[in-house]
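Chemist: Sequence:
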Amino acid sequence: MKKKVLLIRLDKIGDLICSLPADQVLDSSEYDVTWIIQKGLGSVVDLGEKPRKYFELDKKDPKTSAKLLRELLQTLKPDIAISLQGPWWVNFELFKARVPIRSGVKSQWHSFLFLNKGIRQKRSLAVKHELEYNLDLVQETLDIPSTKEFHYFEIKKPEASHLLSDFGLVPKKYVVVHPGMMGSAQNWPQSEYIKLIQRLTQKGHSVVVTGTAQDEPYLDQIKAACVQHPQVIWLQSKLNLNQLVEVLAYAEYVIVPSTGVAHLAAGVGTLVKGLYSPITVQHPRRWAPRGPDVEVFMLPEVNAECF
4 MKKKVLLIRL
14 DKIGDLICSL
24 PADQVLDSSE
34 YDVTWIIQKG
44 LGSVVDLGEK
54 PRKYFELDKK
64 DPKTSAKLLR
74 ELLQTLKPDI
84 AISLQGPWWV
94 NFELFKARVP
104 IRSGVKSQWH
114 SFLFLNKGIR
124 QKRSLAVKHE
134 LEYNLDLVQE
144 TLDIPSTKEF
154 HYFEIKKPEA
164 SHLLSDFGLV
174 PKKYVVVHPG
184 MMGSAQNWPQ
194 SEYIKLIQRL
204 TQKGHSVVVT
214 GTAQDEPYLD
224 QIKAACVQHP
234 QVIWLQSKLN
244 LNQLVEVLAY
254 AEYVIVPSTG
264 VAHLAAGVGT
274 LVKGLYSPIT
284 VQHPRRWAPR
294 GPDVEVFMLP
304 EVNAECF
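Going by our numbering, the letters in the sequence shown line up with residues 4 to 310, in that order.
Be aware that one or more of the hints could be misleading.
Listed next, the in silico PhoX-like pairs over lysine-lysine satisfying Cα-Cα at most 20 Å (straight line) [to be verified]:
(1) Lys131 with Lys151
(2) Lys120 with Lys109
(3) Lys63 with Lys42
(4) Lys206 with Lys276
(5) Lys120 with Lys99
With beta-carbon atoms standing in for the labels, derived distance ranges [unchecked claim]:
(6) Pro148 with Gln77: 28 to 38 Å
(7) Glu255 with Lys109: 38 to 48 Å
(8) Thr215 with Ser194: 18 to 28 Å
(9) Pro220 with Ala307: 33 to 43 Å
(10) Val284 with Pro65: 32 to 42 Å
(11) Gln77 with Ala227: 52 to 62 Å
Worth flagging that the hints you see were computed from the coordinates, not collected in a lab.
Heads up, the beta-carbon is just placed ideally off N, CA and C, and yes, glycines get one too.
Can you make the complete structure from the sequences, with help from the hints?
Modeler: Structure follows, in structure tokens:
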């Protein structure tokens, strides 16, 4: 009988994408895996080539989410639960449900109190990639030999639809620039993005600028300077997740800081030119996107002349 495994990562898009491939070391004939992820990110999981089961919780609503997790544990009765990242109440519910193997990173108080397995990891030192930390945790918990195989979140490449032509885009004939982010890492100033877009258009490129309404603080000056340019296609707040992935998939390349869009573009196989901070906790050694075609440029040395 297959062992039932819960893998838990209640975090943002990039963090989740750096976790999902950790299940690739689990033999599907031996393990039945269910993910517990942050509410609203199921659509990200569904992008993957590998089908995955998942259950969404909202860590911003611990009372409701703890109840939902309790009910899931009663129904599923997992043999193993591995918390790649989660708040204290997740480990508490695993403990109360008497999940036989409860594993995670041994660091905060609740990990020592409620887990019965795990490893110490100094992730803040960024000596390896976030995915490697997650793979280590899964392999150590289940006594699976480590391999040198390169894992990443493989995204199904969508068929080119009318979406591209609707925006006047020709596959592989445009560059995506995505200046926005959640603010968790260093970013380029808007003045540098403006220089970049001007340089790209002068070289004959069409430039697609993507982002959400929440990215406005990173886009307002760029918009004022570039939105009217005939070679700039401004798609801020005009794309849902699947449409964004399609635009990324058919770009010549994508220029992006440390944010979830970098991981999406890398996963769908597009060349990513990532702008990354040398600060240890933000370092690309830990947070660079994983994919077949990724280039990293370090701030603050990088400038528009690099592209």
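Chemist: Holds or violated: the 38 to 48 Å window for the beta-carbon distance between Glu255 and Lys109?
Modeler: Given a distance of about 45 Å, which is inside 38 to 48 Å, the answer is holds.
Chemist: Does the structure keep Lys120 and Lys109 at a Cα separation of 20 Å or less?
Modeler: holds, 8 Å
Chemist: Do the beta carbons of Val284 and Pro65 sit within 32 to 42 Å of each other?
Modeler: violated, 25 Å
Chemist: Please work out if Lys206 and Lys276 have their alpha carbons no farther apart than 20 Å.
Modeler: holds, 17 Å
Chemist: Lying within 18 to 28 Å: is that true of the beta-carbon distance Thr215 to Ser194?
Modeler: holds, 21 Å
Chemist: Can you confirm whether the C-alpha distance between Lys131 and Lys151 stays at or below 20 Å?
Modeler: Holds - the C-alpha atoms of Lys151 and Lys131 are around 13 Å apart, at most 20 Å.
Chemist: Holds or violated: are the alpha carbons of Lys63 and Lys42 at most 20 Å from each other?
Modeler: holds, 9 Å
Chemist: For the pair Pro148 and Gln77, does the Cβ-Cβ distance stay inside 28 to 38 Å?
Modeler: Because 34 Å falls inside the window, the suggested range holds.
Chemist: Given a hinted range of 33 to 43 Å, is it respected by the beta-carbon distance of Pro220 and Ala307?
Modeler: Cβ of Pro220 to Cβ of Ala307: about 21 Å, so the range 33 to 43 Å is violated.
Chemist: Just to be careful, I want the Cα atoms of Lys120 and Lys99 compared with a cutoff of 20 Å; is the pair within it?
Modeler: holds, 15 Å
Chemist: Given a hinted range of 52 to 62 Å, is it respected by the beta-carbon distance of Gln77 and Ala227?
Modeler: holds, 55 Å
When held up to the earlier numbered hints, the structure conflicts with 9 and 10 and fits the remainder.
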